[in-house]
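Engineer: Chain by chain, the residues run as shown.
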Amino acid sequence: MARYLIIMLMLFASLVMAQHQPFELKGKVIFEDGATVVVNIATAKNGKTVSGALGNFSMLIRIWPDTLTVTALGYQAVRLPIDVKSMPSVIVLKPLAHELEMVTVSTGYQRKKANEVLGNIGHIGTEALNARQGTNVLDRILGQTTGVMLNIGKNNSNPQSNTGLSIRGLSTINGPLDPLIVLDGYIYEGDIENIYPNDIANVDILKDAAAAAIWGARAGNGVIVITTKRGRYNQNLQFSAQVNTLVQQKPDLMSVEQIGSADYVELEQYLFNQGYYNAALTSRPYVMISPVVSILQAQRNGKLTAAQTEEQLQVFRQADTRRSYLNEFYTNAVTQQYQMAANGGSQRQHYVFGVNYQRVRTETYGKSEKFNLNLGNEFKLTEKLSLNTKLYLTSAKQNGGRPAYNSITIGAKQLPYLPFRNADGSATAYQIYDETYLNQLAGGKLLDWKSIPAEDYRYRTLDQRKTEVYLTADLNYKVLDWLSLALSTQYSEQQTDQKNIYGQQSYYTRNLINRFTQYNASTGILSYPVPLGDINNSDLSTTQSYTNRLQANINKSFGQSKLTAILGFEIREAKQKGNSYSYYGYKADPLKNVAVDYVGYYPNILTGDTDQIPYSGGLSATDYHFMSQYANVNYSYLDKYSVSGSVRRDGSNIFGVSINDKWKPLWSVAAGWEINRESFYTLAWLPELRLRASYGKSGNVDLSRTALAVLSYGTNNTTGYTIARIGELNNPNLKWETSSQLNFTIDFAIRNRQLSGSISVFKKRGSDLYGITPYDYTTWGRSNVITKNVADMEGKGIELAINMRSRHQTGLWWKGAMFANYNVNKTLRYYDQDGRGMFSIMSGGGKITPLVGKPLYALAVYKWGGLDANGNPQGYLNGQLSTDYQNINSNPENIVYVGAANPTHYGNIINDFNWKKWTLSFNISYKLGYYGLKPALSYSRLASVGIGGTGYAKRWQKPGDEKFTNVPSFVYPFNQSRDSFYSSSEANVINAGNIRLDYVNLLYNLSPADQKQFIRNMQIRLGLQNGMLLWTANQSGIDPDYPSGLKPSKLLTFGVNLNF
Amino acid sequence: MKNRYLKQYKSLFLLFVLFACSCSNYLEVKPDSKLAVPKTIGDLQALLDDAATMNLRVMPSSSEGSSDDYFLRDEDFKSATEDAQSIYLWKAYNLNYINDWSLCYQAIYNTNLVLEVLETIGRTVENAAAWDNVKGSALFFRSFFYAALISQYGAVYDGSTANEKPGVVLRLQSDFNKVSKRSNLQACYDQVLNDAIESVKYLPNLPSHVMRPSKCASHALLARVFLQMGNYPKVIEHATNALTISNYLMNYNGDPHIVNVTAAVPFRRFNQEIIFYAEQNTTKSLMNLMKTRVDTGLYHSYHVDDMRKALFFVASVPYQRFKGNYTANSTWLFGGLATNEVYISRAEAYAMDNQLEKAKDDLNSLLIKRYKTGKYIPVTNLPKEVLLDKIRTERRKELLMRGLRWADVKRYNRDGANIALKRIVNGVTYVLKPNDKYYAFPIPKDVSLITGMGQ
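Top line first, the protein sequences correspond to chains U and S.
Every letter in the first sequence is one number past the one before it in the working numbering, and letter 369, counting from 1, is 369.
Every letter in the second sequence is one number past the one before it in the working numbering, and letter 359, counting from 1, is 359.
Just so you know, the hints here were simulated from the structure itself, not pulled from any lab data.
Every clue listed holds true.
Below, computed lysine-lysine pairings styled on DSS-like, alpha-carbon distance capped at 25 Å:
1) U:Lys963 - U:Lys863
2) U:Lys664 - S:Lys30
3) U:Lys575 - S:Lys30
4) U:Lys788 - S:Lys178
5) S:Lys201 - S:Lys39
6) S:Lys30 - U:Lys788
7) S:Lys30 - U:Lys577
8) U:Lys735 - S:Lys30
9) S:Lys78 - S:Lys323
10) U:Lys735 - S:Lys178
Far from chain U, some chain S residues (derived; all Cβ distances over 12 Å):
11) Ile121
12) Ala129
13) Asp158
14) Gln191
15) Asn194
16) Asn205
17) Tyr302
18) Asp408
All residues carry an ideal CB built from backbone N, CA and C; glycine is no exception.
Bound conformation, chain S alone (with noise of 0.2 Å):
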């Protein structure tokens, strides 16, 4: 009898030893094959490549918006959106999510994430290239970003006071549980160029595709930020540093990469003046070249035998409409980095820094190849004013709705140029007065709320 019961017991046992057992691998599988936590450095470099988060329709687009190349007729004004209709009148205090803020520091959380996964991988002599790659692209994309969002949120630096002015939040970890604070503009510049300069050491020349960063990226990228701080020594060395490793300017009478003057977009895509490929972004539809009209006197101001006037620009009777993207894409605007604009900074720099012979040779270069063949009359030797002036026409003219004349009009007016930009809506007219302090946008509300920021 006990013994009968003992052997049932046994199997009774038997299960309860399964029962307590939890053979813990089997809840270790990992649910979706496409999941992965980053560990590797092809996780890393994956994550940079990721083209929509780091460079399609990411670059900030409302201080585009804001600018004075372009205006709405009343109709267009009316059927924009109140976001659109706010950043056009220099109004824009309520700009919540998605917005241009949220963009760049997607960009900027990869970067930090990348830094700091590529930490506790060692550089070995096998992964040497990769890892190189991967330490100078999200170094140099932190510093684009930042670039990008100084430049829109920032005040214009002053080195005297870029102390006490603010600047914008620099997140250098990607751990979300840090309180975001705001630096002072100073800080932010200095980030900005460590990382842009951290970033040449391990960057190559040229990347493998525009979308990846390169040394040459990085020299344009950096020329770009020292002519908005005012050094200009600096915007020509690496301006020069730059070039040297790729100075192609498309010939417009007929470079490979143009389509043709009427196509409706012009340029093909990735043509060679690119360094560096990125695209403002489109989430607010702040800039609908479809509604935009193109200023009456900056369209004027080219001459008829300046290819680029057929090449940028569509008649929309009885106005202009802009067409001559660097995107191949008639709605998305370029933001990111090309030769053109390497040479006519250059430019700019000799002239501030007086080498006015160099500032003539970088302006002629750019425009030779922007005129009819044969049309164009290289500039001679003019006083430093009027060729300063000349370049800074040209600048504009070139590198219309790029992202850059928020920041030109800025700095220009930091040096006294009393730009005053003036809307005309149903007949009101609307002044943004120079160095309003709306030219350091206002911080995204629900940022600021959630935050305590502030402005």
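Chain U extracted, bound-state conformation (with noise of 0.2 Å):
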């Protein structure tokens, strides 16, 4: 009995059949377990057609020779040449679970077979990634694979983490996060956002040393290389179209918790009452009130009666802004994106030609358009000699939308109860300094001075024009049949131009006029240093990237053997220049502009202190050369038992002194064994079984740090010198940061593969991390801390993949994906501050935070001891429960360790049901293991920033409360020390894990049945995506990655693929 599932094709040929007589073929598919799937039939001249009940099928064959081709879901395509004479009788066809061993993958620098990589790649296809829909490839390889993470609600201020991926967990400390990003072989450098995710054939994830240290010194963090489709030989002309609609909900604004209008209005009055505010509106007229101390601010002046007074604030209580976010700004977002592609080949030549546009609305109005054209070329010259060339060119544009949530400040406080409409429907204007005061400055005459949040955004243009091509050209010799020779280059340039135009009825601008506005008190004539007119600021910035290779590829086989090698070197380098410029007094139409005076101090009508015009220009040019060596080899014996190795050398202008400084060695060894090809190999229930294991290093470059001593040059504008200013000290002995990973494989697959998959043991260590160390800062005032090579982490963890699929008599037919995570790390050496490392995992968990034996994402909380009768939190000192909170939050001891703030267990599992013409899927997520803080309450910061935190209509108020609530009684004069002791304190923790319902998708695979029409197949896809809360470990049902409140919201995408 055959392993695998077999298609019987068998062809009654009836044979009457003259010389290019139209003839019918006739065939029948069988199953081998009686399963009845759907099976197409096509042909490239003679139509198509689809298998009748039995599995009977017939065509009327006009022309040919033709090839014919037999596709059915979860079973790789056959090809046969139609020709009377010849026509096989049967023909075996592996299904598509086993396709495994076909798959090529690719490291960027060359491509093989999934089998015989001995490091480890995972590897996501087409199919893959469209299980998740979006505009961003990076987001529809989550759950895809083992081992990729992406990190929600984590702050990194090193400038190359923008992706929030890690792959395999971190290995660096302060160094970069991002993974290295491959786009059809050579570093990508340009907004990932470009790339249209449908033009993508597949996705390789570089996990282990072996797979990714040909990367050499940016691989530390991983590869992602993206691979575009292309065209193949000897295939006819084929059209694909595709339509999608993204629709995602408004966003749920009203589950963001924050304190009631009412209270809020109450709480004001409260503080006025107190004397708060005293200090700001006796000592300086100028300062920014909130409308509501605005309002008593008057009624305590007798410009308004208490009935006055109280009928203004009902207006407030009564308001939330949440709603007026939500009316005036938010809608529901819409993407929708076209394709066109086409594709096909012959002996000598295929290409593939693509176009998309997507448009976008985003969830507050903003607008973009995007435009790709993919087309990619392959021509064999002559028998030894190909060329390969790619072009990708995108233009997109972006206009800015209307103010995000809590954008708006009225009185510098981003208050809870503002109404953006009066009553009668009109916008309402804020009046933010005090009026009085305001009509006695420059005779009354200034511009009008009112916020009108509902308005405002509509003077305000944000315009951003981006292009980008991106262009790759391979020139393949085959020297010998072992023996290649591949000349490549690469060429991209992006060029982004924003203009930023604040118009004059904006507030911004017309704040700007009125506080530069000088006044000649006795000739009553103003003048404008900020001239009147729009705000212009624009920014043009250019980045160019290009690689040259060079490349020798050896594959010879010689007895038993086989050798695969590359040997290669390369140079590239990546440019970036900027321009940006402030134009004042600007008007598009006629263009004008009018220059002001940067230099001059102008005395500021408000306050009286002198300031100088805003200047937001600057040139900016960064140009970063690398070269490397690098070099691959594979070699493999009776196909048990290989072994690889790899080396590169790179060298960049960003480090060290001398030449030797610069050039790092990185290296990786791998080996693997095909136990079940040993002769003594005998379990028949697991005939695969495959042992992998490698070592290796990589690196991490941070191309921010520099190890000259550097001046940055600028200009002084009050006395026009030029000056320098030393950013950081010399340091001639930074280093790249390394990262090694030991990795160990088991790959496996049961009888039938039915079930297959692997497990990965690996650890990681980053050394020579980029981290402070203590200094004398007499030597040098700048900072406290020097950053040097002196940091250690490890990191490990254990992966789990598991493939399955069964079918079912019925024709219902299960194919089951899991991927099971669980990944720890540590910081090994970091200099610990004063023995203060406690503090410093006390910030939430949002940040990498080092502190030696702990996680690099950990929290700890002051150690909790309920609230007193009077409400008030309680602490421990010395074992004793304390409302010293000054003692509480400066001693280490009252500190307790919590965990780690970064998932330790993650993974999901995917469930693909098919039945007939309908595919069902979805994907349910974990994470697990980890700990986060809810926004605590903060009455100080409620006080002085507006919103801050949640939980106060919950708050401690009557004696006896204490026992239903952990939320601290109102005190006034506030006490930071003891708001800040409860934000951070055990009350506040939550179990993170949770469990997701990720995305379900629903397919209908239309193929007419009639061979005259002219689509070849349609598919329709529905789908919901974005988190859906199934599972918390916390009780108070906060979803503990948006903790906040404000989380993406549901995301429907419906889709048309045709084929013809």
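Using the hints, put the two standalone chains together into the complex.
Structural biologist: Next comes the structure, spelled out in structure tokens:
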């Protein structure tokens, strides 16, 4: 019995056959397990059909030679030349799940068969990439392989940390966190959003050292290799069209917990009566005040009666800023995508051509449009010489939308009670400064100084245009049958042109014009150092990069041995240029702007201070050079034993003083053993078993570090002199960070491959990591710490990937994939200032806080002793309950370590059910073993910032409440130590473990039975995605990834795919 | 057959040649166009022209925060930061980075680096003017910042004991591997004097901008330092030198640099009295002029005809706030050198040196510009003690919030003035006794821990 499912294609050739006389091709498809799955039968010239109920089909052949293609969902396609004489009667097909052996993975430098790779590479094919829709390919790789995690709610100041993705956890502390992104074989430095996800054929994730080390100094965080779609030789012209619509609901702002409006009005009234605002109101008439305080002030000054005051306050009590935002600024976001593509090929050439258009309306009415052109060609110039070219063009434009939640401040606060409309529907205008004071300035002739939140965005234009060219060309010469040489080049250029225009009616511009207005009291004449008109802050930046590569590929078999190797040399340059400028008195039509005096000082009409006109201009230019030599050798014997090794040497102009220090060798070794091929191996139920091991080192380069004693230059606006400043101390010993990794993998498959998978165990070590170390700032006062290669960290993990499939007699077909990850890390060496390290991990776990022995994302809190009878939060001091917050807060003994603040267990299970033309798939993901802090109430922040934490309504109000609540009582004067003790205490810790329904997709495949139909097949896709929470470990129902309550809302996707 | 292989290996060999070659120039390109290693005189001048490092909000302000010209109302004390409170009550033992110390030493690092690199650039006929200006400026700045540091962190100067008293850390090289050690007070004063005196040789009389040093500034600085040391003939000498170069005093009745008396910020920026422009820092927000109230007795000591009463103060009923900054800003305090300081210093020195006539003249030439036109009654012959007392009172009134009061109280107490500072917070009275150890400010705790210097 064959191990594989067999499609028996029995051809009863009705050989009524004259030369090129049409004949009827009859056949039958039989499935071994008796199931009946619809089989698509297609030819290039003679139309297409599907199998009937019993697997029978027939087709009229008018033109031949032609090719017959037999496809069925879940099985590999079979292609046969149609020739009456030599048509085989039985064809054996391999099922799709076994395609693994056929899959080729890419390391960026070479393509290899998946089963020949000794390193750990996660391969994500087209189908898996389509499981999750969206505009960014990086969102689509989540949950499709092991080891990849999106870190939510983490901040990192390193400029090379934008994706939030980590591969096998962290390997650095202060260095860049982004994995290296490789597009069609070259490092991609552009905006990943520029790449249309449906243009991508597959993505390979290089996880361990053996896979990634070939990328050397930038591979420490893992590598994401993206390969775009290509044509094939000897393929007929095929068209495809695709339409997608994605609709994302308005965010649910109302679930963001905040203090009630009436409560806040009451709070401000209380504070006003307590004199909290007095200092500001009496000594600074120009202080910004909130609308409620300004009403209360008017009442105090006798301008409002008690009844009028009450009436005005009532408006605010009933308003809700969240509702105002939702009504004015938010909508359902809609993304529309259209794609047309064609591909095909002859014997000597193949091509792919595609155009995409994407239109987005964001949730805040922002608009963007993007256009892509994708053109790929491969030519066989001679038998030995081939040329492969790829051109990818992107043109995108984007307009800013309306203000996002919490971006508007009135009276320098984020107030919870702001209405944006008056009762009559007109936009509410807020006078932020004291009106009486304003009226006496400049003879009352200033521009209106009110802020009108509902209107202001109309006078603001944020316009961004991006173009990108990405071009690759590879010239391949086959020197010998086992040796080829490739000369390749890549060029990319990205240009971003941004205009940020504040119209004269915008608050920003009016405010600036007013502040600088000069008033001559004797003549009554106003002059405007900031001229009337719009303000245009524009910014133009260009990024260029090129790579030139020369590579030898060796592929030779001798006897029982097989040798594959690459050897190459590469130079790469990445240049960036920026140019920004502010234009005042700007007008687009007729185009004009007014020169202003950036040097002079003008008295601020409000405060009397002298200020200079803000200047946001500047020029920048960076130019990074890299030079690399690399080699990778893979040797296998008897198809059983294989070893591989790679070595790479990188040099760059970033580091060190002498050339020797600029070069850093990195390497990896790996070995594999296919046990099942041994003669002693007899486990029939486990026919496939393979062991792999690898170890190696890769690096992590932070482009912002420099070892030169560097001055940065500028100009002092006051004196006009050139100025120079030392940004960092000379540190000629600065090196690249190194990340080493040890990996063991077992691959296995049971009989019939109904279950296959792999288990990996790895250990990572980041050494020579950048870390701060204390330093006597008497020597140089600019910093009290200095960065050196002084830190180490360690990470380890286990990864399990399992693929299962099963078929029921009814034809119901199930496929399951499970990915489970365990990943922990800890700091091994880091400087701990005054032994106060425990304090550093009290910041809520939102950033990397290195403390020896603790995870990089860690959480510690003050020990919590409950509320006392007066509603005061209690901590512990010397083992006793205490409310001496200053001492509690400064004593490390009161701190308890909670645990990791990043998941230690995570993974997902994908289920695909297929029945006839329908496929239902859904993904359930989990993250466990980590902790977070919920946003806690801080009374002082509530007063000074406006929106400050949650739980005001649940606060302690009367004796006895301490039994039900942990929220402290309100006290005035504010006690910041008390607030900060409470917000960093155990009372606010949540177990962040959660399970989500990540996506649900429903697919309908339509393959017209009638061969004359133009459309070959059609797929309709309906999907729902975005973290629907199924279970949380915490009892309060807080979504631990979005503790503030503002989380991405549900995304509905609808798509149609046509092939013809 | 053999030949064919040879050919094939040739191409491989070529590849290896390429492989091995590492074109070193390719990696020598500067990664960021804005970066440079300091090499030229231009670089050095640019380092010293970085006003944000050398002039603006850099001068120590803790000592002003501990001085007696102002007080805080209870509610303002409550709302002040812990650091500000500790300074106010003379308990500032915990002022960690960023602080007065770090800001001064940052500027000092620049001066040391400049002086070192300058040594490697020869002085030629062509570059002489630029070279001299860099040399003189670096020396002046170093002297200026060390003088500020010792006024705050050093004990009061007494020639007989200065060798045993601790001063500050004298760092004269940019090498950050050298361990910091505290030098004695005498060595510190010597360094300050030597640098300033040396700088006079190189600097122009007047600078092209008052944020750059000049001969005039060096002399004014020397007059200030010698006054602290009690070397009055030297004060007279250098003050006279400074005033010979620039003796401009604004007429407070209507100088072009005065906006008007009611203005929130009455003085324009870079007024003509300023010899060298610097500002006190605001890192710890120690001096928030919105919250500080001027000592009531001090305010009432201004005569009604004294223009300063209106120009310096604004009512914040029932008290007064200070607004007479020479920084043209309502919050940043002036910390540089100006002619009015030089006049009043020389007056005091003349008086101490028993040249009462000249002392009286200096005082009169200053005050006549401060009073309403025609209202000033010049001081006539007074006994030395009375005149001295008058000069010192006027010094305090003239140089309010300039970062000078602390050092003045220190030296007056050394000479037996017996001034005790007093604070009342929430009904509790705090007193800083004359000559208290605290007059030499504690060294920042983090520095003393790392270096093991101790207090």
